[in-house]
Amino acid sequence: MIKKREQIVFKYSEEGKKGYSLPPLDVEKKSYIPENLLKDENKGMPEISELEVVRHFTALSHMNYSVDEGFYPLGSCTMKYNPKINEKISSFDNFLMAHPYLPYSLVQGNLKLMKTLEDRLKDLTGFDYFTLFPSAGAHGELAGMMMIRKRLELDGNSRKIVLIPDSAHGTNPASSHFAGYAVKEIPSGEKGYLEAETVKEYLNEDVAALMMTNPNTLGVYEKDIKEIAELLHKNGSYLYMDGANFNALMGYVKPAEIGVDVLHLNLHKTFSTPHGGGGPGAGPVGVVEKFRDVLPVPVIRKKDGVYYTDFNIPRSIGKIRSFYGNFGVLIKALVYIMELGAEGLKKATEFAVLNANYIREKLKDTYELPYNTKTLHEVVFSENSFKKFGVKTVDLAKRILDYGFHPPTVYFPLIVHGALMIEPTETESKTTLDDFIDVMKKIHKEAEENPELLKEAPHYTPVKRLNEVLAAKKPKLKYKEEE
Amino acid sequence: MRYFPHGKNSIKQMLEDIGVNNIEELFEAIPDSNKRKTEIDFKPKSENELMEYFKNLSEENRYPSYKRFLGAGAYEHLIPEVVNYISGKGEFVTPYTPYQPEVAQGTLQATFEYQTMIANLTGMEFSNASLYDGATAAAEGILLAWRVTRKNRFLIAGSIHPEYLQTIQTYVKNLGIIIETIDWDEEGRVSKGDFEQKYNENVGGILIQSPNFFGIIEDYSWIKEKIGENKTLLITAVAEALSLGILKPPSFYGADVVVGEAQSLGLYPSYGGPTLGFITTSNKKFLWELPGRIVGETVDADGNTGYVLTLSTREQHIRRERATSNICSNQAWCIIRASVFLSVYGKQGLKELAYQNIQKANYAKEQMKKRDIKIKFDAPVFNEFVIEVEDAEKVYNSLLEKKIICGIPLKWFFPEDTKSILITVTEVVSKEDIDLLIKELEEIK
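Respectively, the protein sequence lines represent chains A and B.
Going by the working numbering, 391 is the number at position 384 of the first sequence; the sequence numbering is gapless.
Going by the working numbering, 461 is the number at position 149 of the second sequence; the sequence numbering is gapless.
It is worth saying that the hints were derived from the structure and are not from the lab.
Treat the hints loosely; a few may be bogus.
In silico DSS-like cross-links for lysine-lysine, where the CA-CA straight-line distance does not exceed 27 Å [what the hints assert, rightly or not]:
| hint | chain 1 | residue 1 | chain 2 | residue 2 |
| --- | --- | --- | --- | --- |
| 1 | A | K207 | B | K347 |
| 2 | A | K37 | B | K560 |
| 3 | A | K483 | B | K688 |
| 4 | A | K167 | A | K233 |
| 5 | A | K37 | B | K681 |
| 6 | A | K198 | A | K37 |
| 7 | B | K597 | A | K487 |
| 8 | A | K353 | B | K401 |
| 9 | B | K347 | A | K198 |
| 10 | B | K688 | A | K36 |
| 11 | A | K24 | B | K401 |
Kindly generate the complete structure, drawing on both the sequences and the hints.
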C-alpha cells in the first residue's frame, strides 16, 4: 500500500525517543564552556526512532516522480538516465572522506581525476582551459562573465552592456547583472535564431559581450554564430556561450573553434550527473587562451609528475566558492564520459536529436510549432492549438501527470506563448516516446471534448492541484507545533 | 551502449517517419563551417574497467592511513548509515527541481522540514532551500544587506573563514560594494576597539563568524548594542553547523541574518563538495529579498496540506536581471541528507554530538597547555583551536613524516603568520590519537 499523504516529521516526536547511537566519550567530562554561551535545549528539533525516520522518508520518496520512475521530458533540463555506477564510484571511501585541506601528496588521485576531467572537456569543446569549481550553470555564468569583465578591465575598459537574446534562460541576465553589467535584450528573429544583422545594430563601444545559448532554447542551432563572433571580436567584445544545451553538439561542434570565448557546461545535464531535486550540479567554465590569467583560483597544475593547486594567479577574478567545487559531482561526470568514450558521446547527441525530431514529427500536426526552423535536441510547441478550447498550458501539463509522465517545461522560452518545451534525451526508447506521443494526442482531444478534465487535473497524484497563489500570499515556511 | 535503448528497427523506423535517410541529415541545420575540425579520440570503458580504474585512482589518495586533525570549514562527523540509505533512493537522487509540485511532494516536504530545522537551530523564522556553500551564502548575505539597506560599506570580521572572505570579495567587487575587515584581539575574538574605529551609521552590515576561523565562540551581543537604532544588519556566519546543537543561536546575539555551511549535518568532507549553504532570517521584510529557492506550505484543490516552491517572483526565471540572485540549481539533494541526519540525531543527539566535540577538542587544548605547547588564543572553543610553535611548517612536515596531519598551518591563509597551526578535534578522533599528537608535538615544538 502506498501512502498518498505523510504527516510532518515532527509529529513522530516524543520525549525520550532516540534514533542514534554514539560511542562513549573517552575523555573525562569537564565544563570548558561558560554556561552563558550554551543553550538550554534544541527547541523545535524532533526526537524520533530510526524506523520511524525510515518510514517517514520512504513515504515521502513515494510521492516523488523521478527519472528512475519514468519519462521526464523537461526541456532545457536534459533529464537523461543517471547511471548507477556513477553513484557507486563517487561514494568510494577514499573520495568521500578526503578533506579539502589534505596535503597534495596525499590526494593525488583526486587532483588527477579533476585534471583528467578538464582534459576531456577540452577535447569535447576545444577550449584551452577549464575551471571545474562553479557549483551550477548559473554559478558558471557568473564566473564566466566576471572573467570577461576582468579581461576587459585589464585591457583598459570594462564596458557597460551585455547583449542577451530574448529567448535566453533567466540566469543569463541575472548573472550579467551580478557581474556588474546592464543587460540589453535583443530580439531573436522570426526564424527562431539570432541573425548577425540584428547583432550589428546593437553593437557599440559599450558592449562587453553577447551571451547566447546554442542550440537556443527553441532547440534551433544558431547558424550565424560564427559571423556573430567575428562581429563581436571586431568590436572588442566577447562571445559567451551558455552550454546548457551541449547535449545537442557533442562530437559535432567544438564551440571554441567557431569563435566562442567563454562557455559553461552543465555536468548535471549533458554529463548525466543526477539533479537531486535541484542540485548539487556543476557548471565548469571553458575559456580560450586570452583568459588564462583571469581564471578563478585555484588552478590545478602538474609539475615533476605531481599534481597541485596553484593559488598564485595575481590577475585572477579570485575565489568563487570554498574548496574545489562540488567534487562528488565531478567524479560522476568523468565516469560517464569514460564509459561512453568519444564515439559514445557523439552517439548520445545523435540519439537525443533523433528522439526530439521524432516527437516533433509525430506531434506537429496536433500542436502548433511556432517556428518552422529545424530543431536539434528539443522542440517547443505553443498553446495556439488548444487555447481556443479555454485550456491553458498549465492545465495540459497537469493532465499529463495523470498519465504517469512528467510534463515538459512550460511557459518557457518566454518568446513562445504558453510554451511546451520537450526534450526527450537519448536515453528513452521508441516505445516510451510512442506512449508519450499517444498521451499528448489524447490529451489534446480531451481538451477539445472535455476541457474541464484538464482544468481540474491532476486527478491521480498524491495531492491535487496546489494553490501557489496562497503560498506566496501567506508565506508559511516553517512548521510550528502549536498549529 | 547500455544507456541507449534503441534497437536497429526502431532507428530505421524513426528515421523513416521523420523523413530522413540517416541521422547525419538531422544535423544539416549546423553549417559545415561550424562542424568540428579536430578529432576527439578517447576510448570507451566497460563497467568493470571503470570500477578498476577509479578504484586505483582513489587509492592514489594515500591519506587514509594518516591520523588527521582537520576542519576549518569541512568536518568529519559520525553519519548514521540511515542517511546514506535514504538519500541514496532514486526517488530523491533523480528528480528535477520540483516545478510540478503535485509529483514532487517528497522533495518539497523534506525541504520544508529542513527549513524548519535549520531555522530553529539558528533561532530564526525563515530559511531558504539551500545555497551552494558557506562561502557563497556569506556573499549572498552581504548582497541581501546591500539591497535592504541601500548602503555599500560593510565590515567583516577578519576571523571569518578566509575562503569566505575571498569569495565575498569576488562577489562584490563589480557592484561598488566596499569591504573592510575588523581585526581580532589577543584572545582571538572580534576586536571591540577596531570595530569602534571603523563602525558608523553608513555601514550596511557587519558579518562575523562564530565559532570563528580560530575555533573561538564569539560572545557578541555588544555589536547589536553598538548598532543601536542604525540601519545596519548583523549577519552571523556559521561554518561549523554542528555547533548550533549546543551553543546559543545567533538570534540570541541579535543577528538579523544567519548564513553558513551545513556540511557537518550529514555530508562527508568529499574533498570539499558537495556542500550545503544556508541562509535564515526572522525579518519578514527580508523574505522577498532572500536568494534561491524557498518552499512554502499551502493547500490543494481539496483543501489538503501540500508544499510548493514559493515567492518565486524574486527569482531569475521570472525577474531576470532584477532577481535577488542568479542562483537556479542549488544543493537540494544535500538537504535530504541533512533532514535525515537532523531527524535521527534530533533534539538530544545533536547536543550530545556537539558536546563530544567540545569535550575532545578542549581536552586536547588543555593537555597541550599543560605540556607547555603554546595556545595562541585562550577564549572558549568549540572543536578547533590554534597553537603556536617556532616554525609551523616545519612541525607540520615532521609530523607528516610520522603519518600525522596535525592541522592547518595558518600561513596558508595569512602568509605573515609562520607560527600558528589550526587543530581540529571532532568526535571521530580518539583520545589515544589526541595523546599521540600531543606527545609528538611536545617532542618537536
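- Quick one, are K688(B) and K36(A) close enough, alpha carbons at most 27 Å? holds, 23 Å
- Assess, step by step, whether the Cα of K198(A) is no farther than 27 Å from the Cα of K37(A), and give holds or violated. Violated. K198(A) to K37(A) sits at ~75 Å, over the 27 Å cutoff.
- Restraint check for K207(A) with K347(B), where alpha carbons must lie at most 27 Å apart: holds, 24 Å
- Would you check the hint for K597(B) and K487(A), treating anything up to 27 Å between C-alpha atoms as holding? Holds, at about 20 Å.
- Pairwise hint evaluation, K401(B) against K24(A), where the allowed Cα distance is 27 Å at most: With Cα atoms ~25 Å apart, K24(A) and K401(B) stay inside 27 Å; holds.
- Message: Between the alpha carbons of K483(A) and K688(B), is the straight-line distance 27 Å or under?
- Response: violated, 46 Å
- Task: Would you check the hint for K347(B) and K198(A), treating anything up to 27 Å between C-alpha atoms as holding?
- Result: holds, 21 Å
- Query: Does the alpha-carbon distance linking K37(A) and K681(B) stay inside the 27 Å limit?
  - Reply: With Cα atoms ~16 Å apart, K37(A) and K681(B) stay inside 27 Å; holds.
- Task: Take the C-alpha atoms of K37(A) and K560(B), compute the straight-line distance between them, and say whether it is at most 27 Å.
- Result: Holds - the C-alpha atoms of K560(B) and K37(A) are around 19 Å apart, at most 27 Å.
- Message: Hinted pair, alpha-carbon criterion (27 Å max): K167(A), K233(A). Please report holds or violated.
- Response: OK: K167(A) and K233(A) at ~23 Å, within 27 Å.
- Message: Given the hinted pair K353(A) and K401(B), is their Cα-Cα distance within 27 Å?
- Response: Status violated; Cα separation ~30 Å.
Of the hints listed earlier, those the structure fails to meet are numbers 3, 6 and 8, in rising order.
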